[in-house]
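Engineer: Protein chains in written order, with my numbering: chain X, 1 to 191; chain Y, 1 to 178.
Think of the hints as simulated: they come from the structure by calculation, not from any bench. Take the hints with a grain of salt, since some may be wrong.
Said to hold, decoys possible - Which bits of chain Y does chain X cover? Going by a derived footprint, with three or more residues having C-beta under 8 angstroms, they are:
#1 81–87
#2 114–121
Claimed, not checked - In silico SDA-like cross-links for lysine to any residue, where the CA-CA straight-line distance does not exceed 20 angstroms:
#3 166(Y) <-> 29(Y)
#4 85(Y) <-> 111(X)
#5 161(X) <-> 130(Y)
Keep in mind the model is a prediction, meaning the values are calculated, not measured. Glycine included, C-beta positions come from ideal geometry on N, C-alpha and C.
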Amino acid sequence: MTAQELLPSLEKSLGTKIQHKTEFRGETTYTISPVDLREIAQFCRDELSFDYLIDITSIDNFGEEPRFEIVYELYSMAIGIYLRLKLSVSEDVGSVDTVSDTWPTANWHEREIYDMMGIKFNGHPDLRRILMWDGYPFFPLRKEFPLEGLPSEMPDVAFTKVTPMEGGPFVTKPSTATARDREPRARPPEL
Amino acid sequence: MPEVHSTAYDSKIEGNVIFTRFDAALNWVRKNSLWPMPMGLACCAIELMATAASRFDIARFGAEVMRFSPRQCDVMIVAGTVTYKMALAVKRIYEQMPEPKWVIAMGACASTGGMYRSYAVLQGIDQLLPVDVYISGCPPRPEALLAGLMKLQEKISGEKSFAAQKPELTKKLNEALA
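Can you make the complete structure from the sequences, with help from the hints?
Structural biologist: The structure is reproduced here in structure tokens:
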């Protein structure tokens, strides 16, 4: 079975709930609404054999509304095809339903998104930070968070300081030019 | 067959008595049995393990006894990236080590934060611990770690160990002699 044979059944059952469809190099992306997420996730797993949740990521479109996007990367072990689900979350809502009961692996992915981006997951069994410590006051992957960090202090647990950037960030310039032109240097951001 | 003489110590001539300075004897003992606390936090720990293995053989310098309890260690080898989340744990382990103790910052990350100029990484373990030897490299080769260990041995052999160990007694002796 291929994606062309499988996915029409999803579109048939949930047609109205799919806001947008994109095809790119044989991979399909559906844009959906956050309220339909759990129903569509359950359908994808049970009816369409997407038994493997590869990853959940989040995107910060700072300055736009809705601000955040969450991307679910699905794979079917039985058939070998990919499916991507995208949904938007505005900063005011700031939360989306969990899918950790559908795919248990979502538990830690959602904790990571909560830790780095500050999006909450309704119904998550254990929504704690996963990389930074409990009590760290910032969400470091948000666009307004500076690369060099912000100072914080939790006595006996951890602290952070502002990193000296020394003219950086030091970035390479990918091209076919000589190593001297490509090597990491402090480059002003291209606006 | 020519007769072999030991140049360092001839028991037939010198008997069972050795004359030396107390500091020299103490330092000699200390520097040749430095037991490391392997604080392996990133890829430098792989080179640390290679240094301990047979090809480079850190046992040649008396430092093969990697103790995973800080209570039995003399030198902490901070091998790898120290994140802020780990920083106070490293400090706590250092504080649990008995005196005298030394610290080797192995590699770029432990020395300065290395390539991680980021919100999550402590910019050098010397912000928390007194570092004796810094080793450059990313990661340093085992030879570099051995060179760092030998530098530390040199440093130890010049220390005023007795005065540091018994400050009150030294003070009394100095007063009596004055």
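Engineer: State for each hint whether it applies.
Structural biologist: Here is what the structure says about each hint:
no.	hint	in the structure
1	81–87	holds (count 3)
2	114–121	holds (count 5)
3	166(Y) <-> 29(Y)	17 angstroms, holds
4	85(Y) <-> 111(X)	17 angstroms, holds
5	161(X) <-> 130(Y)	19 angstroms, holds
Checked against the numbered hints above, the structure violates none of them.
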